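In order, the protein sequence lines correspond to chains D and F.
Count along the first sequence starting at 1, add 398, and that's the number in our numbering.
Count along the second sequence starting at 1, add 102, and that's the number in our numbering.
It is worth saying that the hints were derived from the structure and are not from the lab.
Take these hints with a grain of salt, some might be off.
Pair ranges (Cβ atoms, derived) [as the list claims (entries may be wrong)]:
hint: 1; chain 1: F; residue 1: 169; chain 2: D; residue 2: 424; range: 19 to 25 Å
hint: 2; chain 1: D; residue 1: 492; chain 2: F; residue 2: 194; range: 46 to 52 Å
hint: 3; chain 1: D; residue 1: 484; chain 2: F; residue 2: 104; range: 48 to 54 Å
Rough simulated footprint, nothing fancy, chain D against chain F, three-plus residues with beta-carbon under 8 Å [to be verified]:
hint: 4; stretch: 114-124
hint: 5; stretch: 147-157
Quick caveat: nothing in here was measured; it's all calculated off a predicted structure.
Backbone N, C-alpha and C fix where the C-beta goes; we use that ideal spot for every residue, glycine too.
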Amino acid sequence: MVPVSWYLVLSAVLFALGAAGFLFKRNIITIFMSIELMLNAVNLSFVAFAYYWRHIGGHIFVFFVIVVAAAEAAVGLAIIITVFRNRETLNADDLEEMKF
Amino acid sequence: MQLILFLIFALLAVGSAVNLLWQRHPISSALSLIGVMGSLAVLYLLLGAEFIAAIQVIVYAGAIMVLFVFVIMLLNAGEEERTRRSLFARFLGLPLFVLLLAQIVYVVYKPSAGDLPVQFGGFIGGAREIGRALFRDYLLPFEVTSVLILVAIVGAVVLARSER
Numbered sequence: 399m400v401p402v403s404w405y406l407v408l409s410a411v412l413f414a415l416g417a418a419g420f421l422f423k424r425n426i427i428t429i430f431m432s433i434e435l436m437l438n439a440v441n442l443s444f445v446a447f448a449y450y451w452r453h454i455g456g457h458i459f460v461f462f463v464i465v466v467a468a469a470e471a472a473v474g475l476a477i478i479i480t481v482f483r484n485r486e487t488l489n490a491d492d493l494e495e496m497k498f
Numbered sequence: 103m104q105l106i107l108f109l110i111f112a113l114l115a116v117g118s119a120v121n122l123l124w125q126r127h128p129i130s131s132a133l134s135l136i137g138v139m140g141s142l143a144v145l146y147l148l149l150g151a152e153f154i155a156a157i158q159v160i161v162y163a164g165a166i167m168v169l170f171v172f173v174i175m176l177l178n179a180g181e182e183e184r185t186r187r188s189l190f191a192r193f194l195g196l197p198l199f200v201l202l203l204a205q206i207v208y209v210v211y212k213p214s215a216g217d218l219p220v221q222f223g224g225f226i227g228g229a230r231e232i233g234r235a236l237f238r239d240y241l242l243p244f245e246v247t248s249v250l251i252l253v254a255i256v257g258a259v260v261l262a263r264s265e266r
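Whole structure, please, built from the sequences with the hints as guidance.
Have a look at this one:
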């Protein structure tokens, strides 16, 4: 039998990997994918806690997270397309005019 | 049986996530992310979240990742170039990563003091239960998400439109 806490630890590992990718990667599309990885890790936590408390609310929350992730992906990729059209680069290091 | 399934798909998820970081080409990273999502769908099934597992495959792996791959191909994104690496990242990156991991594990581990073993079928979140909760208790948030989706569609169209 697998304890619920193993699922929580797996979710923590995935979240930390997503956060590391968000900081390490240089391509903005890959950075965006790291955000999706973090969202997935949090969803796993929600489902594990829903099992633990025998409460359907965790599943509902995951449903809403997926909806918001879909909206976020649509808008974010549109922003990436606009950035690429204006700057001809996908490297996050080259987009630095808002840096102090 | 459940232990074997959990181990296989947990290792697959972590391996795919590491591969996402390792690969330099965005297409390889996107395919690794699809691997993570597929293995997470199996873990959702083990936890009794049938509806969420189906949604995960259809919406996440099916729709969102197709959008990602489509944009990668549209922009013809190549391998990311290595940039000058900062000393800070080289020497403190891995220790800080381990620190973050230890902190999150500590925080999420604490509430599960009873450590309930997961039995398949112990709690089922099928379409009926989800639908009942969604259209009774969570009706207003559900309707508000439709507005959110509408705003996202308009925003994406406005942003991606070519200026004349």
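Structure-based check of each hint:
Distance hint for residue 169(F) and residue 424(D): a CB-CB separation of about 21 Å, consistent with the stated range 19 to 25 Å. In this structure, residue 492(D) and residue 194(F) break the distance hint of 46 to 52 Å, their C-beta atoms being roughly 24 Å apart. Residue 484(D) and residue 104(F) have their C-beta atoms about 51 Å apart, which keeps the hinted 48 to 54 Å range intact. Chain D is given as covering the stretch 114-124 of chain F, and this holds because 6 residues of the stretch bring a CB closer than 8 Å to a CB of that chain, at least three being needed.
Chain D is given as covering the stretch 147-157 of chain F, and this holds because 7 residues of the stretch bring a CB closer than 8 Å to a CB of that chain, at least three being needed.
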